[in-house]
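2 protein chains.
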Amino acid sequence: MADKGNPPAAPLARTLLQQCLQATLQVKPADDESEAEYVQIERGMVIYICFFRGATDDILPKMVSTLLNIRLCESSSGKMVSVLDLPGSILIVPQATLGGKAKSRGMQYHNNIGKEDGLRLYSTFVSLCEEIAAVNGDKVMVKHGTYGNRQVLKLDTNGPYTHLMDF
Amino acid sequence: MADKGNPPAAPLARTLLQQCLQATLQVKPADDESEAEYVQIERGMVIYICFFRGATDDILPKMVSTLLNIRLCESSSGKMVSVLDLPGSILIVPQATLGGKAKSRGMQYHNNIGKEDGLRLYSTFVSLCEEIAAVNGDKVMVKHGTYGNRQVLKLDTNGPYTHLMDF
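Protein sequences appear in the order of chains A and B.
Going by our numbering, the first residue of the first sequence is number 240, and it counts up by one from there.
Going by our numbering, the first residue of the second sequence is number 240, and it counts up by one from there.
Everything labelled a hint here was simulated from the structure, so no lab data went into it.
Only a predicted model underlies this, so the values are computations on that prediction, with no experimental measurement involved.
Please note: incorrect hints may appear among the correct ones.
Where chains are identical, the list cannot tell them apart; a pair therefore holds if satisfied intra-copy or between any two copies.
Here are the computed lysine to aspartate or glutamate pairs in the EDC-like style, where the Cα-Cα straight-line distance is at most 20 Å [claimed, not checked]:
id, residue 1, residue 2
1, Lys340, Glu313
2, Lys393, Asp324
3, Lys378, Asp324
4, Lys267, Asp377
5, Lys340, Glu281
6, Lys340, Asp405
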């Protein structure tokens, strides 16, 4: 695995990782015909993700491998292990705002990838996470938000232990 | 206000901003003699903060001014306003893990400021936020975590709208 100690000056993707005891995310808002729909995970890791202009599918396998294998989860014995080894669950949250840059008192998102490409990369990212999790049997659940929606999120932590990882 | 569109290559401080409907943070864990203590805010902004080596008090006034005035909060009319103008409350969470860099499958924190200097900067940052909030009367509450503790956090959002700001 590559040393991520020196992320590229102009990253192609930005991820933010938070540990949770439970996380609940709306995947469909309420409308006239139905109530809002949610997904939920128990103990595990929330991955907020944003792609930048120029990102391609090529970066995804290494991203997924890195994120799912990095030791950021505290096991019952206090040892830091990966979310796969915990085993914990994974909640993937599309979060285009992570690509924001402040300009005066507002935020701009000029470096963010276009919506169509972003959705494709996001969907592939989710699929790759699901594939790797499936190898671990049914112990690691992967849930994810709806790309383009407002990400109505509830998070309960024992310390979010927030980490940023650019790719 | 300076253009923060081009944050320095080697930042002196990293902040992460999330919007909340309610946030609860443990400020003292339970012990033999007493129960755990918590602070709570309702609608407003959570500021996770980490200082790097070389950071000094000089950067704090501009940081605080930028963070409290940037328009990241959605008003009832849907317009984006600052947390001061919302008016919302502010929860400051020390989060040294934001300074982490991946090395192989682990995280390293070599660029983080030392604990003593970090505590001093954190305390001053909190005081400056409280001073600015006080100018707005009693509408903007400032709550904060205990530096060095595990930040046991519960977050309820209508979309965290996560933004990263380096200084």
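So which of the earlier hints does this model not fit? 2, 4, 5
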